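Student: Fit chain B to the known structure of chain A by using the hints.
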Amino acid sequence: METITLTGQIFQYLVTGITVGSVYAMVAVGFNIIYNVTEIINFAQGEFVMLGGLIMVFLHVAVGLPLILAFPATVALVTLVGVLLDRLAINPIRRPTVLSLIIATIAASILIKGTAMFIWGKDPFDLPAFSGRDPITVLGAVIQPQYFWVIGFLVLIVIVLTFFFERTIIGKAMSACADNPDAASLVGIDVKRMVLLSFALSAAIGAVAGITMTPIALMEYDRGAMLAIKGFGAAVLGGLGSFPGAVIGGLILGVIESLGAGLISSGYKDAFALIVLLFVLFFKPSGIFGNIEISKIKRF
Amino acid sequence: MLRIGKLPIALFAGFIIIFPWVAGKVPAIGNYTDIMVFVGIYCLITIGLGLLMGYAGQISVGHAAFYGIGAYVSAILTTRYGLNPWFCMFIAVLVTGTIAFLVGAPSLKLKGHYLAMATLAFGIIVFIIFNEEIQWTGGPDGMADIPGLSIFGFELDSIEKYFYLVWGFVFVILIFTINVIQSDAGRALRAIHTSEAAANSMGVNVSKFKVLVFVYSAILASLAGSLYAHYLNFINPSTFDLFFSIKLLIMIALGGMYNIWGAIIGAGIITFLSYEWLHYFEEFEVIVYGAILLVVTIFLPNGLVGLPGMLKELFVRQKSNE
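If you're matching them up, the sequences are chains A and B in order.
Per my numbering, the very first residue in the first sequence carries number 1; after that it's consecutive.
Per my numbering, the very first residue in the second sequence carries number 1001; after that it's consecutive.
I should point out that these hints are in silico values taken from the structure, not numbers from a laboratory.
Check before you lean on any hint, since a few could be wrong.
[Unchecked claim] Covered stretches of chain A (chain B as the covering partner; in silico rule of three or more C-beta atoms under 8 Å from a C-beta of chain B): (1) 115–126; (2) 223–237.
[As the list claims (entries may be wrong)] Label-pair restraints from in silico Cβ distances: (3) 1134/B with 134/A: 35 to 41 Å; (4) 1172/B with 6/A: 55 to 61 Å; (5) 266/A with 1102/B: 23 to 29 Å; (6) 92/A with 1280/B: 24 to 30 Å; (7) 119/A with 1158/B: 43 to 49 Å; (8) 192/A with 1176/B: 44 to 50 Å; (9) 6/A with 1102/B: 32 to 38 Å; (10) 80/A with 1280/B: 27 to 33 Å; (11) 1291/B with 192/A: 23 to 29 Å; (12) 1278/B with 263/A: 31 to 37 Å; (13) 1086/B with 140/A: 57 to 63 Å; (14) 1154/B with 92/A: 50 to 56 Å.
Predicted, not measured: the structure shown is a model, and the values here were computed from it.
The C-beta atom is built at its ideal place from N, Cα and C for all residues, glycine as well.
Just chain B, same shape as in the assembly:
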């Protein structure tokens, strides 16, 4: 958690760069490039949300709403007003950031569960709005014909091209976030998680930092939402329901909330579970998710990333007992 070296990032980047090529060669995993686009989109959200949970010690059960606002702002502005998608993405970020500030600032002054409940209520309200404001959002039927993205006239017209775009975003955000964690701000955040009172007395403006992280995580969710809308060319409200917010929590808890790699590993595993490996369970997959979340919370409080450390500790204790 303290120092994140350049080597893992470089190795991970190498893995991502060759991934579509390998997946293209092996028919059994031919559709994995498509799934990896979603992994990348979810990574954008979990990196921010993981920062909020692991570093600022706060929980949000409403990030599906920020993800949805990003997607809908992009969809509405591009299909109804024909504006440039990149410009719309920027507007979506501004809108989401402002809303996140308005929701987060008052509840982050309070302790513990209040942000969880406020974001839960907010998420459900936004979900109802997506369903009810039919003249804007198309209601439960959703919105179709959302244009794809292009860079300098170069159309992103294949899964592979989107793959590199989305993962490009992920790496920029990853490196930026790691730099934040390793700066003074990151130290302040960790201090908040350890003890708010101590952080406060050391001159850290606790609630300002918490609001900043919350807004940052909402902005990343908005960005992910815009990318999702342009990738699928279609959105409807059910993507942005309460269960998606909970799925994000599961990703972070499973991967490990005290380490930025946890957010990425968790997003990867849960996305592959829901797109590929849990088909057999159909809608009963919710039981599997509940079980995963409970087992991780009880037995793996640091997530999969914390597993090696836990095993090592166990091993050392065994040794000293002998």
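Next up, chain A with everything else stripped away, as it sits in the complex:
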């Protein structure tokens, strides 16, 4: 057997870190979409990821739908959950304050988590990898083919979203709501529909993250909160509201976590990303790409 060199080991951690980081980046992008349109931090963001994984397991493994059908069906179902979240938890609040919106999304997140436990129980579920589990060895690092799917979907989401926000009329309308909801509604944009759309879009992205990560990391009902807080960490690290920031923040956080768990302590694996989050909040809350002046004029 080959001896594992330190460089090989570090390369391995980097590859794993970038893959995990891609998941965090997708969660962070989801946070940003809702935040940009509504200025709400959606604490239930991680539940979309959990639901994506578990619904996919149900459709693909239990029902036996082929991957190509189960994937869009899962995304559609989770998107529906996102729509319901807005309609049942956010929209009915008559005089929204930052406090009541935070509490409403926390309530929704424990409701979704409890329902998932009711349906799937407490055991983790596995999903077959999209293109087999024969690892490729590069420079001493073992790379699962699924890693490419995760990273590939992040790239795809970034491309599609960039096109959507910069080239389509709906995307531009959504950005307008972010800049100034009153002005947006004056020029005839239906702000409430844009809010709904942002929840739908963000749920769909969460579902993709959950579907692609499950073959690597399994999925169980209570993963949502941790994914949400790490995704939020990625969003803040990159600068809340910034899409390139979310991607860069996610990747950095993933690599830090992977290196920390591998080289320092695996017991503290989940703490590294959170410590980074606290440091960013304390010392540079505007993040890498954020703008503190813009964050000052936000309502919340």
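Tutor: For chain B alone, coordinates are given in the frame of chain A:
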């Protein structure tokens, strides 16, 4: 919210004083005295947290951590070093207050959701530390043989004696907090909740007040944690997890965050729900809690305490429509 009279406090004190006696007479509620000890412990936390949410307009999703730090500091110092429990409780308060200051001061300068996220992250980190630092905390197995409390050599060796001790603490804190609310500081706090900018321009040092309230609420949580550790003689990390922090939020939202009685009513209802009335749901009680929190947020923004006012307003509106 503005004036809290002496009469309700006196009535409530009377209720608490006779409670163990009544519970002792009625077999069906014989174990309620024990549950009421926990209600008292949670009240200590919710009074502070309610002040933070309702009066300073800030949210913390990490108070389980302060509660846990209080419990673990007391447990470690008494079992490993044999120090006096009351002294350890005081040390725990100092430690927790300092940590709360370090966590709260930077994030309270920012607006809205940042404290929520910072405290959420902090709470999870502390929970991981409780689980991982096995040589200090015993890890997931927790710590046993934590000594009970005694006052001047008088052992608190029954549930009833603890009941009066814990509720004694609650009344001292309640009266102190009410005095704070009705002082200049309380007016400043309410001004912050209404409009930070206006409060600022009136010369209120907004972030100083917010940090003060945050530290105060953390200290109360620490005190509650120490009392919990000495009452049960055993602690383990699962008591201090994220869900407990959320349960505290539910208590305050349900009772009503703009009124100090809301914190007490919410703590009472949720504690009885989880210790007694929700056994049937077992672990699915989380769905019930989620539903309660959502319904309260949408339909009862002022909590149960605000219900009479809401009904009255509705009634008056009906009348004027006729």
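Student: Work down the list of hints and note, for each, if the structure agrees.
Tutor: Hints, verified against the model:
| no. | hint | result |
| --- | --- | --- |
| 1 | 115–126 | holds (count 3) |
| 2 | 223–237 | holds (count 6) |
| 3 | 1134/B with 134/A: 35 to 41 Å | 39 Å, holds |
| 4 | 1172/B with 6/A: 55 to 61 Å | 59 Å, holds |
| 5 | 266/A with 1102/B: 23 to 29 Å | 27 Å, holds |
| 6 | 92/A with 1280/B: 24 to 30 Å | 29 Å, holds |
| 7 | 119/A with 1158/B: 43 to 49 Å | 45 Å, holds |
| 8 | 192/A with 1176/B: 44 to 50 Å | 45 Å, holds |
| 9 | 6/A with 1102/B: 32 to 38 Å | 36 Å, holds |
| 10 | 80/A with 1280/B: 27 to 33 Å | 30 Å, holds |
| 11 | 1291/B with 192/A: 23 to 29 Å | 24 Å, holds |
| 12 | 1278/B with 263/A: 31 to 37 Å | 44 Å, violated |
| 13 | 1086/B with 140/A: 57 to 63 Å | 59 Å, holds |
| 14 | 1154/B with 92/A: 50 to 56 Å | 54 Å, holds |
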